[in-house]
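Novice: Put chain B on the given structure of chain A with help from the hints.
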Amino acid sequence: MHTRREMMARSATVASLLAVAGYLPTAAQAAWPQAAFEAKTMADAVKALGGSAPVESKDVTITGPDIAENGAVVPVGVATALPGVKRLLLLVEKNPNVLAAVFDVTDSVEANVSTRTKMGQSSNVYAVAMMADGKVLFAGKEIKVTLGGCGG
Amino acid sequence: MADPMRIRAQAAGDKTTVRVLMSHEMETGQRKDSAGKLIPAWFIQQVTAAHNGKTVLTAEWGPSISKNPFLQFVVKGAKAGDKITLSWVDNKGDKRSDEATVT
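Protein chains in written order, with numbering that gives the first Met the number 0: chain A, 0 to 151; chain B, 0 to 102.
Rather than coming from a laboratory, the hints here were simulated on the basis of the structure.
Every residue, glycine too, gets a C-beta built ideally from N, C-alpha and C.
Quick look at which bits of chain B chain A covers, simulated, 3 or more residues with Cβ under 8 Å: (1) 42 to 55; (2) 59 to 70; (3) 74 to 83.
Simulated crosslink set (DSS-like; lysine-lysine; CA at most 30 Å straight-line): (4) A:Lys85 x B:Lys66; (5) A:Lys85 x B:Lys14; (6) A:Lys140 x B:Lys66; (7) B:Lys66 x A:Lys46; (8) A:Lys140 x B:Lys75; (9) B:Lys91 x A:Lys46; (10) A:Lys134 x B:Lys53; (11) B:Lys78 x B:Lys14; (12) A:Lys39 x B:Lys94; (13) B:Lys75 x A:Lys134; (14) A:Lys85 x B:Lys94.
Chain B with its partners taken away, still in its complex shape:
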């Protein structure tokens, strides 16, 4: 199980900016280890964001997203106290889901 995500959701007017920092190696599958063998790819494939349980954004990622990925998006109509849930699945089937409250 990977480390928790850091999620910040800040409301400004009727829009909420959500910033997420995930903890993941994001190995490309192109690098070689010291013995010259390819390190297998290991990266987040799918990210889902939900606002009060309703999915608002899904993303499919390739291995070229940076290590410890950052994601920022704006949710319309979210207000303070609402719940923002982020979850990801990587190509090994590992999952992680975290929740934050809009401030």
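Just chain A, with the same shape it has in the complex:
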């Protein structure tokens, strides 16, 4: 009897082995930060994008449900009121690869984006703001999932 967690860990291992062996499609364009998307922790993902160690901050907000009925579609929003944001990151702690999305923000848009993500199981979700002055701020929120969104 394998738990879901073990199965997911195993398929992640297989996926990374395949990636090393070159079986998975490689990045279609150079701009896609592959190392960041393969990171297993928030610190690694931020580092792969050239940021310093993330610091928790009240000025970054993450919006989402407390309980998501369907882990395949979890609406989450990342926002900050601080000026000088370069990048917003969205991470799901217990997914096989933590990084879900990177948004490169310009001055013409507000640092406030929403999307929908998949979650394999109940987990902390993090919003990270990488500032122009090199600071990296984050906020977290726990979202409980009653039906996982990975595997099938």
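Specialist: Using the frame of chain A, we list chain B on its own:
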């Protein structure tokens, strides 16, 4: 070629809220088919949004974004009649670009 995106851009004051619904499988590369083989990953990697031809937002996505992805953002200074263009590229090199007018 994938199905068109559904884009809605609504101006309120000097801000325009843009909502986009893309049509894409967003396969994670973690699932297995009925024969136990891994289904290869197939997902949107990069999304670009432009306001009257000027890029205002780019996003890099991983496979953990939901199927038929949704994206919402706010463009400052866009007014009714302006053009909002969205385009994406997936990891197989497929592309799609659609345009909407701010209302």
